[in-house]
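J.: What follows is each chain in one-letter form.
There are 2 protein chains.
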Amino acid sequence: MPTMKDVALKAGVSLGTVSNVLNGKDSVLPENRAKVLRVVERLKFRSNLVARTLRTKSSKDIGLIIPNINNPFYPELARGVEDAANKAGFTVLLCNDDRDVRKERSYIKSLMAKKMYGIVLLKPQISRAEAEEIALNMAMVLMDARMPAGSACNVVNVDDRGGIVKGMRFLRRHGHAKIGFIKGLADSLSSHDRVKAYREFLKDEGLPLRREYIFPGDYSLNGGCKAARALLTLSDPPTAIASSNDLMALGCLKEAQRMGLDVPGDVSVIGYDNLDLANFCTPRLTTINQPKYEMGVKGVELLLRNFPHGPGLPGEVAVLPTEVVERESAGPARAR
Amino acid sequence: MPTMKDVALKAGVSLGTVSNVLNGKDSVLPENRAKVLRVVERLKFRSNLVARTLRTKSSKDIGLIIPNINNPFYPELARGVEDAANKAGFTVLLCNDDRDVRKERSYIKSLMAKKMYGIVLLKPQISRAEAEEIALNMAMVLMDARMPAGSACNVVNVDDRGGIVKGMRFLRRHGHAKIGFIKGLADSLSSHDRVKAYREFLKDEGLPLRREYIFPGDYSLNGGCKAARALLTLSDPPTAIASSNDLMALGCLKEAQRMGLDVPGDVSVIGYDNLDLANFCTPRLTTINQPKYEMGVKGVELLLRNFPHGPGLPGEVAVLPTEVVERESAGPARAR
DNA sequence: GCTCCATAATGTAACGTTTCATCACCAAGG
DNA sequence: CCTTGGTGATGAAACGTTACATTATGGAGC
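Residue numbers (my numbering), protein chains in the order written: chain A, 1 to 336; chain B, 1 to 336.
Be a bit skeptical, because a hint or two may be false.
Identical chains blur together in the list; that is why a pair holds if it fits in one copy or across any two.
What the hints assert, rightly or not - Taking lysine-lysine and the BS3-like style, the derived pairs with C-alpha atoms no more than 30 Å apart in a straight line are:
#	residue 1	residue 2
1	Lys57	Lys10
2	Lys109	Lys5
3	Lys103	Lys35
4	Lys60	Lys35
5	Lys109	Lys44
6	Lys60	Lys5
7	Lys166	Lys178
8	Lys103	Lys60
9	Lys103	Lys196
10	Lys44	Lys87
Read the hints as simulated data drawn from the structure, not as lab findings.
Work out the full structure: start from the sequences and follow the hints.
T.: Here it is in structure tokens:
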């Protein structure tokens, strides 16, 4: 592997000149530039990013940490991050923390130790204090997180409340009064917000809140099955189920089918996320769209815009809209 | 950010000693070790991986390049890579090349420039010559690729032929004689092998090869829909469809349904991959299992085992088995 | 002819590690 | 008492860049 020194030697110029050529600095004679480029070509020289990063103290890559690579929600978001980052000349490295806070911490440390430019962290499980401290050292954007006002972290969230309310209204309009709800994992902010929105909606509508109608889920297909079975075997089962994500909603569809129930004839199901898959299941899933791609793009925008900043300078918070996507898994309630 | 020099200073020892402590070398007095560790703790020192990598010329991370992060096949495989790599003390960085050979090249160059330990490259699109050249400079494992004997590259493949043959036999046993086939993308090795196996099977069985029964796909849900529509609207449509992957098979299910056909009553569908999803669609998908997780593990195993090697030392080739997973999307052929 | 300035190129010092040759020290052996 | 050898610690060199202060060059202005 040739180094810049080799190039300089063969081209008969100094190291600094080679560096200037490679970095597109002006103030280098066209003929020298040409000579250098020729040698670069001939030796197949590629500059050593490690050395460059050591010297400049920051690389041009962004780490994207996601909680679960198996959930198709994240790849769609990741694509947004990637496109936006590439457009700005950055490379994205993806890390999967498996919803394990120790893995999360370990990845963060590793990304910092590698002097990456910044981190986009989804569903952070580390403490706020930890997050603040990291934000002092490198650009950081959190998604699906709540930080106190004035925090140095940038945050991109989605209008979770609004999404749930829209979904619930939709069900109400179709005459549903008994609506079950599948929660997400306990430690997730969006999950928390969504349950809360569900509760408040019932209250506002003057509907009774039935504890047994709220079932804990884990965001997985299987979790959806279990929840559906639990809810639909109640002595007085709900006529509609709202799920905290699409994967669990798909599980519901499957389980309802296994139980010989018709969706939406016997029970309506409504998801959350609007995955590609929601269009391909049977029946197609009515769901709440999250602007996944746009979230990724927005995240990178904040990441690149708000750094470096002086200490104590607050980050930005962006909240993206949600909306109902009507398909066939939810319909009029039928008296049973 | 404190450096080792700071630590050395505060601990009253030399830089070298700090390095020895941090790297777990013996030959450092217990009391000095303790002193250093205390200071490390107090200053919250974290060693700079960039500097370390520059000095040692190789980091402890592995780049994993996948063609399409949206296909759930890859995340499952990635998990295998990750677990195996982590167990060996390596970190995995994921890159998505979007099936674009230029992106692929760019990621490879970037990983090399970052002096990563090695690359696991799925469905390589670069030329064999390029691959060989890379393999001279860093550890490399290809998946779903064919390299000439004696190549320096390690390769992990799956028994594609065998998978197709098993699937076709299954359909034959159920009385299907008119079997359609959805190909993958033209440039994919496994796709090529799978079509070839399909053709040979027909020949061996003495069945006619009908050109119109082979439809090109793109591995996506939508591609599956299109293919199904094309095949099922033929004047003499197949009674069974074998797809090169599960995603397209799911598309088939959906499209058949849209056309008012019953699966497997009117048409049998068989996939390839055995994604989690295959268990949750309606009907559940009969498919060919690929040992995704194991592929990832095997890849890392080869990566770590066969490097560094002298020039010209050939890599290993591993071929993992496939098998039919029977569910409900394929059944007896019905005369129409 | 002299100064002054702009332009290009140069050489060297970082960046933060690891590595390696060297040294100081002390106990054991002749 | 002198050598030998082993144990820890040390200091400096290297890894391959970028940044910066410095120098060389040549033309413009007086």
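J.: Now, for every hint given, state plainly whether the structure supports it.
T.: These are the hints, each one checked on the structure:
Taking the closest pair of Cα atoms, Lys57 and Lys10 come within 30 Å of each other both inside a single copy (29 Å) and across two copies (24 Å). Proximity of Lys109 to Lys5 under the C-alpha cut-off of 30 Å is restricted to the inter-copy arrangement: shortest distance 20 Å between copies versus 33 Å within a copy. In this assembly of identical chains, the alpha carbons of Lys103 and Lys35 lie at most 30 Å apart only when taken from different copies (28 Å versus 48 Å within one copy). For the identical chains of this complex, Lys60 and Lys35 are intra-copy neighbours only, at 27 Å inside a copy versus 36 Å across copies, given an alpha-carbon limit of 30 Å.
For the homomeric pair Lys109 and Lys44, the shortest alpha-carbon distance between copies (12 Å) is at most 30 Å, but the shortest distance inside one copy (34 Å) is not. In this homomeric assembly, Lys60 and Lys5 come within 30 Å of each other (Cα to Cα) both inside a single copy, at 23 Å, and across copies, at 26 Å. Proximity of Lys166 and Lys178 under a CA criterion of 30 Å is satisfied intra-copy only: 16 Å inside one chain copy versus 48 Å between copies. Within a single copy, Lys103 and Lys60 get their C-alpha atoms as close as 23 Å, and across copies as close as 16 Å, so both meet the 30 Å cut-off.
In the homo-oligomer, the alpha carbons of Lys103 and Lys196 lie at most 30 Å apart inside one protomer (29 Å), although the nearest pairing across protomers, at 43 Å, exceeds that limit. Within a single copy, Lys44 and Lys87 get their C-alpha atoms as close as 26 Å, which meets the 30 Å cut-off; across copies the closest is 35 Å, which misses it.
Violated hints are absent here; each numbered hint is respected by the structure.
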